[in-house]
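Sequences and hints are given; from them, build the entire structure.
Chains as they are written, first to last, in our numbering: chain A, 1 to 114; chain B, 115 to 226.
Treat the hints loosely; a few may be bogus.
Simulated crosslink set (DSBU-like; lysine-lysine; CA at most 35 Å straight-line) [said to hold, decoys possible]: (1) K184/B - K111/A; (2) K127/B - K140/B; (3) K111/A - K69/A; (4) K194/B - K140/B; (5) K184/B - K140/B; (6) K184/B - K127/B; (7) K194/B - K69/A; (8) K101/A - K111/A; (9) K127/B - K142/B; (10) K184/B - K142/B; (11) K142/B - K101/A; (12) K184/B - K194/B; (13) K194/B - K142/B; (14) K111/A - K127/B; (15) K127/B - K101/A; (16) K101/A - K69/A; (17) K127/B - K69/A; (18) K127/B - K194/B.
It should be emphasised that the hints constitute simulated quantities derived from the structure, not laboratory data. All of these numbers come straight from a predicted model, not from anything done at the bench.
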Amino acid sequence: TQTVSQSDAHVTVFEGDSVELRCNYSYGGSIYLSWYIQHHGHGLQFLLKYYSGNPVVQGVNGFEAEFSKSDSSFHLRKASVHWSDSAVYFCAVSARAGNYKYVFGAGTRLKVIA
Amino acid sequence: AQTIHQWPVAEIKAVGSPLSLGCTIKGKSSPNLYWYWQATGGTLQQLFYSITVGQVESVVQLNLSASRPKDDQFILSTEKLLLSHSGFYLCAWTRTGEGTLYFGAGTRLSVL
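Written out as structure tokens, the structure is:
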């Protein structure tokens, strides 16, 4: 069974600050790890994903995430946030082979103060 | 380019009334299709998925059903709504083997 934990329900930072949103997962096999962003009242948009190779993956709008097998983590980072980055961020995990179940974390609400 | 359209945008329905929500994907043949439910301020719960026309797998039913009558269409329905059905319903699609979900704009359902 796949599980995803996002330990921070809310994160508040100032514009221009760096931010890290945390995600830990549990799953034994080969997986896709992804991050999605949801602005209020909208659907989710894909930011980035990892499945193999370089553990640091780059996404849209300056976001990057780093996979750590030893920590079972896939934390999302941005070096300098903008007020428009205020949204809810979801981490998700799915098995790579023959599985159509995608499990999402509880989400982290990021507030950027201008 | 692929587009995904959900309808209606929002619904206000009475407890016990029927419901039908729709989702259409254009520009992609044989997509894998998904329905998710999101409580206000909550996480996403996968309800159903379908990898081919006429076949739907249930993940969590919540007294809902789903059908895939055409390759590009996914329908979520129930004959009797419950208060607990209120929330945000999201349709999504993936390419086989890619692992990226592409979401629609969602339907907000209020059951009174």
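Status of each hint after checking the structure:
Under the criterion of a C-alpha separation no larger than 35 Å, the hint pairing K184/B with K111/A is inconsistent with the structure, at around 41 Å. The hinted pair formed by K127/B and K140/B meets the criterion: a straight-line CA distance of about 28 Å does not exceed 35 Å. Only pairs whose Cα atoms come within 35 Å are accepted, and K111/A paired with K69/A is accepted, the gap being roughly 29 Å. In summary, the hint linking K194/B to K140/B is supported, as the alpha carbons are separated by about 30 Å, within the 35 Å threshold.
Restraint check for K184/B and K140/B: the C-alpha separation of about 12 Å stays at or below 35 Å, so the hint holds. The suggested pairing of K184/B with K127/B holds, with an alpha-carbon distance near 26 Å, which does not exceed 35 Å. At most 35 Å may separate the alpha-carbon atoms for a hinted pair to count; K194/B and K69/A exceed this at roughly 45 Å. Straight-line distance between C-alpha atoms of K101/A and K111/A comes to about 30 Å, which keeps the hinted pair within the 35 Å bound.
Note on K127/B and K142/B: the hinted pairing holds, with a Cα-Cα distance of about 32 Å set against a maximum of 35 Å. This hinted pair checks out: K184/B and K142/B have alpha carbons roughly 13 Å apart, not beyond 35 Å. Between K142/B and K101/A the alpha-carbon distance is near 20 Å, which keeps this suggested pair within the 35 Å criterion. As the CA atoms of K184/B and K194/B are separated by approximately 24 Å, the hinted pair is consistent with the 35 Å bound.
Between K194/B and K142/B, the direct Cα distance comes to roughly 33 Å. Compliance with the 35 Å bound is thereby established for this hinted pair. Taking the CA atoms of K111/A and K127/B, the gap is about 33 Å. The hint holds against a cut of 35 Å. Distance hint between K127/B and K101/A is fulfilled; the C-alpha atoms sit about 29 Å from each other, no more than 35 Å. Restraint check for K101/A and K69/A: satisfied, since their Cα atoms lie roughly 21 Å apart, inside the 35 Å limit.
Among the hinted pairs, K127/B with K69/A is inconsistent with the structure: their alpha-carbon atoms are about 46 Å apart, more than 35 Å. For the suggested pair K127/B and K194/B, the alpha carbons sit about 10 Å apart, so the restraint of at most 35 Å is met.
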